[in-house]
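These are the residues of each chain, in order.
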Amino acid sequence: MSDGVMKRMGMIFRAKANKALDRAEDPRETLDYSYQKQLELLQKVRRGVADVATSRKRLELQLNQLQGQSAKLEDQGRKALALGREDLAREALSRRSALQQQVTDLETQHQTLQGEEEKLTLAAQRLQAKVDAFRTKKETIKATYTAAQAQTRIGEAFSGISEEMGDVGMAIQRAEDKTAQLQARAGALDELMASGALDDPTGMAKDDITAELDRLSGGSDVELELQRMKAELAGGSSGQQAIEGGQNGGAQSAPQQDRPRFDKQ
Amino acid sequence: MIVRIMGEGQVKLDDAHFTELNRLDDELLAEMESNDEAGFQRTLDALLDAVRRLGTPLPDDALEPSELILPSADASLEEVRDMLSDDGLIPG
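Protein chains in written order, with the numbering used here: chain A, 1 to 265; chain B, 1 to 92.
No wet-lab data here; the hints were simulated from the structure. Just to be clear, a hint being listed does not mean it is correct.
Stated by the list, open to error - Below, computed lysine-lysine pairings styled on BS3-like, alpha-carbon distance capped at 25 Å:
1) A/Lys-57 <-> A/Lys-72
2) A/Lys-72 <-> A/Lys-230
3) A/Lys-130 <-> A/Lys-57
4) A/Lys-142 <-> A/Lys-57
5) A/Lys-137 <-> B/Lys-12
6) A/Lys-7 <-> B/Lys-12
7) A/Lys-130 <-> A/Lys-44
8) A/Lys-79 <-> B/Lys-12
9) A/Lys-130 <-> A/Lys-119
Claimed, not checked - Listing some non-contacts, in silico: residues in chain B with all C-beta distances to chain A over 12 Å:
10) Asn-35
11) Glu-37
12) Ala-38
13) Arg-42
14) Asp-49
15) Arg-52
16) Arg-53
17) Ser-85
All values derive from a computational prediction rather than experimental measurement. For every residue, glycine included, the Cβ atom is placed at its ideal position computed from N, Cα and C.
If we strip away everything but chain A, and leave its shape as in the complex, we get (with noise of 0.2 Å):
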């Protein structure tokens, strides 16, 4: 198809029925709405057509009704004329005329409706016209949209996940810092422990004057102890002797003070 009258209208009409849709946020519900509306309007003028329709036909058909009667009056004034009851033919006459101005009234009544009727016809079908166009157009929009859509959220997607990633990053390198930070700290913690200038809330370590101190004490206590045991071995053996010597006399525990009981040991 050229682009004559017929595509030229029609892309007219398309381009037209599209021009609300830039300010919408979502498209899509926009122009759904809109073309409901556009069918409701559509309706509503169908309806007015029919409506307007309606009381035309009830017009013609009282129109009608006062053309029979008024030619039935003319018929019975003619017949009265010709029985020579002049009386009788005026008085139908008469009521004719006045059928006659109602006819006139309503022929214009008549006329007003059917002009309207056009109009109405040729706006419902103007009408329509728009909606057609705008419902081709409508679902062309909602595709692209929705299309469009896809590809921001997967661009929004691959952004969200890049930016995930850089926070993810960003969280191992502050773990990294902190633990750095804490090992620092526990290194100096111990040093200065060790050197004791610290008291260790634990109370399990100690500074190396008390450990040397402890050492010195716990060394002598070991040499003391042996001292006294060794004193005690010595002590024990001739109190042994003085009690058998009591018991045995004096001349008889001398030779056994001499034997070499505990030498070897």
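With the hints as your guide, set chain B onto chain A.
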């Protein structure tokens, strides 16, 4: 393809007829551009007659999108020119 005649309604046309219609449509455009009112009316009548003759009318309550739109039979050259101007058919 569905063609709308403004003020009349829609007509469904077989694609085979478009060669003939296209010729008339081009002629109509040429006459409009050359301001040939008589020729324009004649061609518009011929085009509308062809569409009516070759196509099947769609019922009034059908909601089918029209792919092509034709001016109404009583449209003047000036009116059609206005319709095709920047402001188009639908104001605003």
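Verification of the supplied hints:
1. A/Lys-57 <-> A/Lys-72: Measuring from Cα to Cα gives roughly 22 Å; hence the hint holds.
2. A/Lys-72 <-> A/Lys-230: violated, 168 Å
3. A/Lys-130 <-> A/Lys-57: violated, 29 Å
4. A/Lys-142 <-> A/Lys-57: violated, 44 Å
5. A/Lys-137 <-> B/Lys-12: holds, 20 Å
6. A/Lys-7 <-> B/Lys-12: Status holds; Cα separation ~15 Å.
7. A/Lys-130 <-> A/Lys-44: Given pair A/Lys-130, A/Lys-44 holds - Cα atoms ~15 Å apart, limit 25 Å.
8. A/Lys-79 <-> B/Lys-12: The hint is violated at about 59 Å.
9. A/Lys-130 <-> A/Lys-119: Within the cut-off at roughly 16 Å; holds.
10. Asn-35: Given a closest Cβ separation of 14 Å, the condition holds.
11. Glu-37: holds, 15 Å
12. Ala-38: holds, 17 Å
13. Arg-42: Given a closest Cβ separation of 14 Å, the condition holds.
14. Asp-49: holds, 14 Å
15. Arg-52: holds, 14 Å
16. Arg-53: holds, 16 Å
17. Ser-85: violated, 9 Å
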